[in-house]
Each structure stands twice: as structure tokens, then as C-alpha cells.
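Number of protein chains: 2
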Amino acid sequence: MELYSGYINKLVDELAALPGIGNKSAQRLAFHLIGMPEAKVRRLANSMIEAKANVRYCSKCFTLTDSDLCPICSKANRNHRLIMVVENSRDLAAYEKTGKFEGVYHVLHGAISPMTGIGPGDIKIKELVERCADDVDEVILATNSSLEGETTAMYISKLLKPMGIKVTRIASGVPVGGDLEYIDEVTLTRALDGRVEI
Amino acid sequence: MELYSGYINKLVDELAALPGIGNKSAQRLAFHLIGMPEAKVRRLANSMIEAKANVRYCSKCFTLTDSDLCPICSKANRNHRLIMVVENSRDLAAYEKTGKFEGVYHVLHGAISPMTGIGPGDIKIKELVERCADDVDEVILATNSSLEGETTAMYISKLLKPMGIKVTRIASGVPVGGDLEYIDEVTLTRALDGRVEI
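Keeping their order, the protein sequence lines are chains A and B.
Using our numbering, read the first sequence as starting at 1 and increasing by one per residue.
Using our numbering, read the second sequence as starting at 1 and increasing by one per residue.
Calculated directly from the structure, the hints in this document are not laboratory data.
Predicted, not measured: the structure shown is a model, and the values here were computed from it.
Be a bit skeptical, because a hint or two may be false.
The list makes no distinction among identical chains, and a pair is therefore deemed to hold if it is satisfied within one copy or across any two copies.
As the list claims (entries may be wrong) - Result set (DSSO-like, lysine-lysine): computed pairs, CA atoms no more than 27 Å apart in a straight line: (1) LYS97 x LYS158; (2) LYS161 x LYS124; (3) LYS24 x LYS40; (4) LYS166 x LYS100; (5) LYS40 x LYS166; (6) LYS158 x LYS124; (7) LYS75 x LYS40; (8) LYS158 x LYS60.
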């Protein structure tokens with residue numbers, strides 16, 4: 001859009017390249033940023049650069065952190081023999097928010113997806129197997145219940161079971177508060193198959 | 001969320017303070033930024049700082065630009081005697097995209113809103129009146145058709161009409177492609193009042 005200025009156009013284009021931000025929101029954001037006090041804009045810009053420069057993977061579980069070990073892996077009162085495998089740090093955050101899990105995590109940073117060319121070697125599976133050489137009681141597979149997540153879970157379980165490790169998968173079924181009539185058939189079938197006696 | 005790192009939390013908080021970005025999207029954006037190549041993050045951060053530092057108001061129409069006069073005000077082949085008054089630069093962009101307007105603009109940067117304490121002196125009304133001291137044939141009021149936009153349009157028309165300037169207001173009515181049954185009564189009434197013979 002030649003009607004603005006080169007600086008605005010450049011900013012709009014770069015904002016629009018971020019996930020979940022369309023052209024309209026990028027424009028709105030750009031104008032908002034220009035209207036913000038300069039100190040605030042600099043602070044946001046610096047936060048981005050600093051986060052990028054300082055955040056790295058936890059050397060044990062591979063979640064994003066700014067020290068060698070993440071806060072969870074460094075805690076003595078977590079059960080380090082119980083590992084929950086998740087696809088990314090956001091999933092870790094989601095489970096951590098429940099406050100119900102006392103073990104530690106392993107972040108794969110993706111899932112096996114032959115469609116997009118992501119193989120077992122592209123995500124942190126080798127590192128998980130290495131961790132499991134130490135004392136581990138149980139590995140809970142909490143990858144998404146998508147095709148990729150299921151494939152990844154199957155793949156990992158086939159690697160770990162021969163090592164004598166108990167491998168479990170989080171339950172899939174009807175979400176709490178979900179209205180049956182709006183739930184897809186695959187989920188309903190899963191919920192039926194996974195029924196438990198009460 | 002203590003489970004991430006200080007750097008991530010800070011970035012998430014600052015992103016979540018932007019308009020239209022909730023906590024979840026801020027988190028998603030932050031992780032995306034951290035996953036981006038460092039050069040790209042620096043480029044985005046710099047674009048923000050540069051846009052903030054270099055973008056200013058056009059000295060004539062007050063839209064955002066990076067030179068003294070915006071591209072529209074500097075064009076000789078636009079009708080400089082026909083001024084469309086809009087609330088902000090995004091509205092200017094919306095009209096400019098139609099490609100149907102050959103005049104120039106005047107950006108108010110807001111609308112009169114007694115509820116939030118924005119008076120006529122807080123927006124670029126004085127500057128519009130000054131512009132109108134030169135040769136101007138018509139001023140088209142294209143403020144929003146909200147209470148604030150209407151109030152602003154009324155206020156401006158009362159200032160300009162005594163100066164012998166033709167003042168018009170963009171039509172309000174049923175949007176093209178709009179389904180009557182879903183349109184509010186005020187709009188329907190407006191459309192009726194503004195009916196034209198065919």
C-alpha cells in the first residue's frame with residue numbers, strides 16, 4: 001500500500017508474517033505501535049531480541065528455559081522417574097496449569113508427520129530414549145490425539161517397551177462439559193472404547 | 001507462569017498488552033518469535049523502532065507518513081479542493097482502496113466523545129478549519145456512523161457551513177450484500193430516510 005510510508009509498510013508486512021496475524025490486524029498493530037510512547041516500543045523490541053538471545057532448550061527435557069536446567073527439572077520434589085512426553089512447551093504449560101502432575105516432562109518439539117516430511121530424527125525422540133536408560137518407572141505419552149500425535153505415540157511406545165519401561169497414553173474421550181451432540185464420531189467412538197466401570 | 005523463563009514471561013506480558021492479542025495468542029507469538037532465526041527477530045524489532053522514530057503526521061492532512069507531505073497530498077493530479085474528513089489513517093486506507101475518490105483527505109485522529117472526555121480541541125478540527133480558509137469546494141464528512149462520528153460530523157458542519165463551504169456526509173444505509181433480516185433497526189430506518197428515486 002503506497003499510501004502509507006515505507007516504514008509502516010515494512011512493519012505491517014513483517015507483523016503479517018507472524019502466525020495468527022492477518023493483514024488487517026497487522027495494520028492495526030502497526031498503527032498502535034506507532035502511537036505508543038517510544039520507550040514502550042523500545043522495551044517490546046528489546047524483549048523480543050533478549051528472549052531470542054537468551055532462551056534455549058533445557059538440557060534434560062528440552063523445554064524452553066533461560067538456564068541449563070528448566071525450573072521443573074531442577075526441582076528435587078518432582079518425581080524424576082515419571083516422564084510425560086509432550087509435543088511442545090505450550091502443551092507442557094497446559095498440563096502444568098492443572099497442578100495435578102508431579103513428574104517431569106520431555107518436549108519433542110513436534111510430531112512425526114510423513115505428510116510434511118518430519119521423521120523421528122527431526123524431533124527429540126533419541127534424547128528421550130537416552131533419558132530412559134536411567135531409572136524411569138513410567139513414560140506417559142501426551143502427544144496430541146491427531147494422526148501425527150498418535151503416530152508419534154505408537155513409534156515411541158515401540159522403542160521404550162522393549163526396554164522394560166511402562167508406557168501409557170493419556171485418555172481420549174468426551175471433553176468435560178462437552179455436549180455429546182456436538183462431538184465428532186471419532187471422539188465418541190474413542191470414548192465408548194475407553195469406557196471404565198463406575 | 002514460573003514454568004517458562006523470565007525472558008519469555010516478559011515478552012508474553014508485553015505482547016498481551018497489544019490490542020487484539022489475548023494471553024494465549026501472546027504465548028503462541030512469543031514461542032514463534034523464539035523459534036525464528038535471530039536475524040528475522042532483529043529485523044522485526046528494528047522495523048518497530050524505525051517506524052516509531054520516523055513516522056510522523058503529514059503537515060497538510062495529518063495522516064501518518066515519513067516525509068513532510070504524504071504521497072496523496074503531494075500528488076498534483078488529485079483534486080485538492082475536495083477534502084474527505086476521516087477519523088484515522090486506517091479509514092483513509094479503506095477509502096483509498098476503493099480507487100474511487102480523487103480528492104484529498106483530512107485525518108482527525110479521533111472523534112468527539114464526551115463520554116471519554118475527547119473534545120473538539122483534542123482532534124484535528126482547528127487544522128481542518130484552517131485548511132478550509134484556502135480554496136476548497138467541498139468537504140465530505142466520512143467519520144464513522146457511530147454516535148461519536150455523527151457528533152463530530154455535526155460539529156464540523158456547523159463550523160464550515162458559515163464559511164460558505166459545501167459540506168456533505170457519506171450515505172448510511174444497508175451494506176451491499178447485507179441481508180435485511182440481520183440488519184439493526186437504526187440502519188434500516190436510515191436506509192429508509194435516505195431512499196433515492198430510481
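Taking the earlier hints as the rules, which of them does this structure contradict?
Hints 1, 5, 7 not satisfied by this model.
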